[in-house]
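Chains G and Y, in that order, give the protein sequences. The C-terminal residue of the first sequence carries number 245 in my numbering, and the numbering is unbroken. The C-terminal residue of the second sequence carries number 215 in my numbering, and the numbering is unbroken.
I should point out that these hints are in silico values taken from the structure, not numbers from a laboratory. Watch out, some of these pointers could steer you wrong.
Said to hold, decoys possible - The calculated PhoX-like cross-link candidates involving lysine-lysine, where the alpha carbons are at most 25 Å apart (straight line), are:
1. LYS62/Y to LYS63/G
2. LYS7/G to LYS93/Y
3. LYS7/G to LYS227/G
4. LYS113/G to LYS59/G
5. LYS162/Y to LYS67/Y
6. LYS31/G to LYS227/G
7. LYS67/Y to LYS37/G
8. LYS7/G to LYS113/G
9. LYS59/G to LYS62/Y
10. LYS120/G to LYS7/G
11. LYS35/G to LYS212/G
12. LYS63/G to LYS93/Y
13. LYS212/G to LYS113/G
To be verified - Here are the computed distance ranges between Cβ atoms for each label pair:
14. PHE96/G to PRO178/Y: 44 to 50 Å
15. THR57/G to ASP111/Y: 38 to 44 Å
16. ALA106/Y to PRO152/G: 54 to 60 Å
17. LYS120/G to GLN205/Y: 56 to 62 Å
To be verified - Covered by chain Y, according to a simulated footprint, are these stretches of chain G (three or more residues, beta-carbon under 8 Å):
18. 5–12
19. 74–84
20. 87–94
21. 186–197
Nothing here was measured: the structure is a model prediction, and the numbers come from that model. Built from N, CA and C at the ideal position, the CB exists for glycine as well.
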Amino acid sequence: MNNGQYKRAPIQEAIIDLRLDTPCSYDAAAKAARKAKGEYFYSDPEGINEVTLDTLTGKHTSKQSQTGVKLSSLDRADVALFRINGFTSARLAPYFGWDNFCARTRRDWNIYKTALAHSKVVRIGVRYVNRIDIPTDPGALRNLENYLTVFPNLPPGQFAPMTAYNIQVVRPFLVDNCNIIINSGLIPSPLLNHMSLVLDIDVGCDSHIPIKDADMWELITRMRAHKNEIFEGCITDESRRIFDQ
Amino acid sequence: MSQLESLKPNLLYAGFSSSTSVGVASHALAKARKAIDEPRNAVIQSRVIPMLDEISNTPSHKALPEKLYDALASFKIRTAGVARYLDSAWRAKFFAGLDRLLDVEAWEIGDSPPTDDSFSTLLRALILLRPERPPGLGASHDGKLLAAWTVGRDRLTLECLKNDRVLWIVSCSADGEPERAAGEVHISRLSDVLAPYNPNQRWFQHAPQEARRQS
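Make the full structure from the sequences, and use the hints.
Below, the structure written as structure tokens:
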């Protein structure tokens, strides 16, 4: 078992998401964002557009509403989303470890929580999006099982190399009342003469969430350990070799 | 982020939405615009395009400062996709160059900010060439990124086109005589065509003084 100390860590995005039972006001979310703004460089409003289109007459109506504020660091790698329905913290690559990410998330969550009159967390998500870059000509990837232990299995036949796949597995985890969602797929690589596999692991919990903050963060830390266990179980030594090259 | 954009349209995702959701929505709108642009869909163009402009946060007539802001964000997020291959000090210098290039004060109304296609080619070329020194960055009037390495009077310039193609221009002295050369090539051949000019020693390595500062 690796402790996440790969030379070229495959983590593309790490996310912690805390969702509230009832939405707060936009003003409360924006107030929290203003308090946290000093730690970030960019502040962008977030909103949704609802559109209704009558295909017969071509008439349409649209309604815009603000759903939160997104704060980002100068390099856009640290992200904090102060939304009306909850708080999300994300870190893009390069990833500097759990302690760093968790400490920032906890700091911002405390700001968010303080700005709300009432906050009960009804879902926690710990999600890591990983990418495995495999040196091969595009369209020539054979033997997916060399890199992942989770992959689509085809019956014997005269198949050319796989050009695309998407799988999703959703299963309850037998510890901490968690649910696991694994997404994997083949994607165009950002590197020349490579193909890339995505391994996206989301550990979620929506029951028996501790009310005390300290207990909730202990749970989040355990969820991250579950994620690590699943990740290591999903990859092969060949993938580990690629991460350490 | 790009990997999520590829996955999301095909998956019913039961988890929480991430910070990428805005990008995914923009991607969906861009795809919708592209489909409408097909000639066979001309009949609906007049009705739907105004609606997309209204609901999208990225209308074609967006103001230049907004376009520059979005381009800078997009380039930094794209760079995160290959961050594992970049030294952190190199990445910081490269980002400082992007910040300077896309500073709104340096642009005039009517200019076109660099495109994502051009940046994608630049990024992939840089991963292939692995220069110790980040390039100086510039932009053409029509949205192409320029990367340049200059040592004394010797200069290598890459104009990044779409689809991994670059226009390369070398200006250097050989045996005391000025020499210029240029060509267009796919980035997979770039190292080969530049090899006669020994770019690693001539342009890409830190000068001895600079190398000492780096260490």
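Status of the hints after comparison with the structure:
Our distance criterion of 25 Å between C-alpha atoms is met by LYS62/Y and LYS63/G, whose separation comes to about 20 Å. For the hint pairing LYS7/G with LYS93/Y, the CA-to-CA distance comes to about 21 Å; that is within 25 Å, so the pair holds. Restraint check: the Cα-Cα separation between LYS7/G and LYS227/G comes to about 19 Å, which is no more than 25 Å; the hinted pair holds. Restraint check for LYS113/G and LYS59/G: the C-alpha separation of about 42 Å exceeds 25 Å, so the hint is violated.
Pair hint LYS162/Y plus LYS67/Y holds up; C-alpha atoms about 19 Å apart against a cutoff of 25 Å. A C-alpha spacing of about 33 Å is found between LYS31/G and LYS227/G, which places the hinted pair above 25 Å, so the restraint is violated. Taken as a hint, the LYS67/Y and LYS37/G pair is honoured in the structure, with Cα atoms around 23 Å apart against an allowance of 25 Å. The hinted pair formed by LYS7/G and LYS113/G fails the criterion: a straight-line CA distance of about 36 Å is larger than 25 Å.
The suggested pairing of LYS59/G with LYS62/Y holds, with an alpha-carbon distance near 24 Å, which does not exceed 25 Å. A C-alpha spacing of about 39 Å is found between LYS120/G and LYS7/G, which places the hinted pair above 25 Å, so the restraint is violated. Our distance criterion of 25 Å between C-alpha atoms is met by LYS35/G and LYS212/G, whose separation comes to about 23 Å. Simply put, LYS63/G and LYS93/Y have alpha-carbon atoms about 42 Å apart, too far for the 25 Å limit, and the pair is violated.
For the proposed pair LYS212/G and LYS113/G, the alpha carbon gap of about 12 Å is at most 25 Å, so the pair holds. In this structure the supplied range 44 to 50 Å holds for PHE96/G paired with PRO178/Y, their Cβ-Cβ distance being about 47 Å. The supplied range of 38 to 44 Å is met by THR57/G and ASP111/Y, whose beta-carbon atoms lie about 40 Å from each other. ALA106/Y and PRO152/G have their C-beta atoms about 49 Å apart, which leaves the hinted 54 to 60 Å range violated.
Between LYS120/G and GLN205/Y, the C-beta spacing of about 58 Å keeps the proposed range 56 to 62 Å intact. Given as covered by chain Y, the region 5–12 of chain G passes the check, having 4 residues with a CB less than 8 Å from a CB of that chain where 3 are the minimum. Restraint check on the region 74–84 of chain G versus chain Y: 6 residues with Cβ-Cβ distances below 8 Å, three needed, restraint holds. Residue count for the region 87–94 of chain G with a Cβ under 8 Å from a Cβ of chain Y: 5. That meets the three needed, and the coverage hint holds.
As drawn, the region 186–197 of chain G meets chain Y at 7 residues by the rule of a beta-carbon pair under 8 Å; at three or more, the given contact holds.
Figure legend: structure checked against the earlier numbered hints; hints not met, in rising order: 4, 6, 8, 10, 12 and 16.
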